[in-house]
Amino acid sequence: MIDVSGLTMCYGDALAVDDLSFTVKPGLVTGFLGPNGAGKSTTMRVILGLESPDRGIALVGDRPYDSLTEPMRQVGALLDAAAVHGGRTAAAHLWCLARSNGIGRGRVGEVLEQVGLGEVAGRRIAGFSLGMRQRLGIAAALLGDPGVLMFDEPVNGLDPEGIRWFRMLMRRLAGEGRTVLVSSHLMSEMALIADHVVVIGRGRLITDTTMPELVERFERGVLVRAADQRTLAVVLRADGASVSEEEDGLSVNGLSPARIGELALASGIALRELTPRSASLEEAFMELTGESVEFGAEKAA
Amino acid sequence: MTNVIVSEWLKLRSLRSNLYLLAFSTLSVLLCAGVMFMVTRGFDNQTGDDRLVFESMGAGLGTGLPVACFVMAALGALSITSEYATGHIHTSLVVVPRRQRFLFGKIPALVAVTLVTGQALVFAMHVAARAVLGDRAGQVLLDGQTLGASLSDPGVLTGLLVAGAAMPLVALVGLGLGAVIRSTAGSLVALIMILFVLPVVAQTLPSPWRSWIGSFMVENLPDQIIAGAAPGILSPLAACAVLLAYPVVALTGGAVAIAVRGRGAKPLVVGGLLTALLASVMMIPSGAAASTLPWKSCGGELECASIEVPVDWSKPSGRKVSIQVARLPATGTHRRIGTVFAIPGGPGGSGIEDLKKRGGGFSTLRQRFDVVSDAPRNTTDLGVIPFACLSTGPWITVPGSRAAYDRLAARNRASAEQCRRSDPEYFDNLDSGSVARDIEAIRVALGEDTLSFVATSYGGVVATTYARLFPDRVRALYLDGSVDHLADHATRARLRSESIEAQFARFAAWCESAALCALHGRDAGAVWRALTAAADRSPVPVKGERVTYSGFDLKVTASADVTSPGPAPDSPHWQRFARAIDQAVRGDASGFADIVEPVTKSLKVPSFRGMNVTHCTDGLAFGSYEEFRRMKRLGERISPNFAGNQLWHPLACVGWPAPVTNPAAPLPADRLPPLLGAGTWTDHAVVANIVKAVPGSSTVRYNGHGHGLYLSGNQCTISHANRYLTYLRLPPPGTACEPPTTS
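Just so you know, the protein sequences line up as chains A and B, in that order.
For the first sequence, the working numbering gives the first residue as 10, with consecutive numbering after it.
For the second sequence, the working numbering gives the first residue as 1072, with consecutive numbering after it.
Some hints could be false.
[Claimed, not checked] Partial list, derived from the structure: chain A residues whose beta carbon lies under 8 Å from chain B: (1) R72; (2) Y74; (3) G95; (4) R97; (5) G111; (6) H194.
Treat the hints as calculated values from the structure; they're not laboratory data.
In this text, all values refer to a predicted model and were calculated from it rather than measured experimentally.
Yeah, the Cβ is synthetic: ideal placement off N, Cα and C, and Gly gets one too.
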């Protein structure tokens, strides 16, 4: 469990995180979403004790991170896959980390196998691709078999197979009852991974909800095309729906597709299309964060 | 914490670059050997005294030490800057969130690696330097050191261990700086500034800043910790504190810098307290004496002051007299050891005049000592007793009977009274014991616990008297051509006879070989013996004067010229002595009168009352007529050419009116440090006889003519004397110095 409450963080005059509060629950994969510069990394760095907030607190399992004596056993984190010394072998790198938290050497081999780097354990990291480094970073996070896992943009550099592997890994970790927080700026990616989403923009919480809820919130009614659209509109309105006419169909709100079908049949109107419609998550994301994009492209006048 | 420490050890070990860096540190050994090679080239190209001015290479670490230090410091800096450079620092701080634990966790591994490597390097440097220096290492230099120091020399092993132990401290400086600066390049530049640039900058400062600032440079600290030979003014404790302060300050800075979250107060306070503690150790006065004398400049670097002492030391509250004291202050380039007191000869000479005329000879000693001397109360021209009275005296004759002995006594007494009546109390208190007590009063006024002495000629009597009266105040005592106050008349006569006979043999040999000698082609010894024997029966007149020379007169006059032939190869004094003999054989002693007259304004050597005031109260007189007879017979037995000569000084004291207040007495050998003596052909035996009174003492024999080696600037002897006075190291028995070869 991760608890962030009232977190505020300034860099000089710039407000990086603004009174941010959310909770990451165990057993779920929580997506941490926001455009570039929204404050995701800053928040994660605060949670991990790398930055000290100006106000507010971040607790991991009810304790501040920097009070943990062997933090790797409770929290595994991947912040920046490039933050390794290229001169060490993968195994040596992990062994240095493991030893600092009193983790046995056996775990090094285990996690390397787990992330698929078993064969290159003895190779120096300098020769690793970005994807391999991501896997190494994930391996480091897993070393202490922690109950809380945090990954900052973990799929960068991963190939499609790697992304799929990562998704399954996240599912499994959450399935084991762990708390999993994954940040990303790609909603589509999150849609496939997350059970829960925390969306922030310009350092402020935009929404903190379950994935189904988010999907529901952006339902956009049902698209109906029929032979006699004008009649159907009257029938549907009579049943309490709000109907608006579009170019080649009706946009119906307030009725389920099933009910629309029944009413059409009863009226003897042939349906050509009956499509429940929702905004794409991407669109939803844009809608949510539209005003908070810090480095967005200039809007057309 | 253990986990973090082991983890940091793994980090250090798992990087090949660290191994390469350590391998690179062996460069320091090569550098040492290279520098030594250049030194040996230069040394071999020099001869004689020119070799003495070389600077000691000490244990041979030299330029290698800062290089080794730099590599160790770089290792320390890299152990953290490489984490910043790669970003690994974030990973590290996530796995070890307590930042100071993370930083300090690096210390044990770093210390272990650099300590082992450092010690190995230091000893390798030493061995390499020794190997290149070879036999040259043993050469004693003007500053009292040898060209190279060996492991068996005191302090050298400790010095190497300290230098090796400094490596981890320097590595920690690197670590602390690295934590502050974060950039590898920046840290290395800072380390280069600290280890290489600052010392060079310090060297360009004017003295004494150069030495003062230079003393705080890392490379100079190990030597100061062992109170070694290199420049530096810090006491061992202070140097130790400074060396520790470097990593403490750097790590405090690092600990504050790494705790960016405003938790910096704690390390800042701890580090500040530690630094203050170390600084306070530094402030403990390093044995600086608190002189109460009001020194005033009196020409050049010389400072003068005066001190009131009782005329009669048995009446401390009685009448006072003022003694002039002069000082050549320490130059402040090295940690001050104390005061060297130069006791002048005579009796009747002024040490202040010696410092004025020959003070330059003390320049090396002044790196570590104040050099102090005085115009003793028995200085001939002090003026309390009229100079005109002290600067001459009666002619001494050898009494042939008890009645003649008594007549001599009456004549001496009457002569002494001429001077005594101007100030009887003062006159009676001009013995070496009073002079020694004056020096003790000066010591107290200087605020010194102990004194180191350079005692020339009759100054040796004062020095041995001081050593007997105040043995615990003697740090070192160097006797240079000193007069023996300890031996009995017989021993003294024997030693004096031996040396003047040996010297006369050299004169005779010279006559045989040198055409310049007026007696060339004749047996000079036989001519001299015949002349003196005949003159004792029938004195030789000085043409045109109502003065005759007995054999005794001839010998007394000749002894100075025999002892000092004058500059080689002409030996002008031997030439005029040979001419004088030649002339005297033909019935005219003018040649001898001509030797005496310009110096004494007298046609025969007068018995100087200015010397006798001290000689006689020091107990130089014969105890009785019988003792005189015994000594006379002894001389006739052992000294074929100069029998009777050794009677001259004691006979002057027969009938002396002032009591013997400073009779000879044995030295308290168990309370004195070993002594060093030095003497020429004519002085060595006497000096050796004095120093043997203290076990472990040693001498330097100068195989040449003269009297007084330090003040006359003999570099080889000065080297050994400086070594003794500075480091209390004595030359091995049988050490000799050769006269400089003249081209």
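Structure-based check of all given hints:
| no. | hint | verdict |
| --- | --- | --- |
| 1 | R72 | violated (11 Å) |
| 2 | Y74 | holds (6 Å) |
| 3 | G95 | holds (7 Å) |
| 4 | R97 | holds (5 Å) |
| 5 | G111 | holds (5 Å) |
| 6 | H194 | violated (20 Å) |
Hints 1, 6, counting from the list given before, are not met by this structure.
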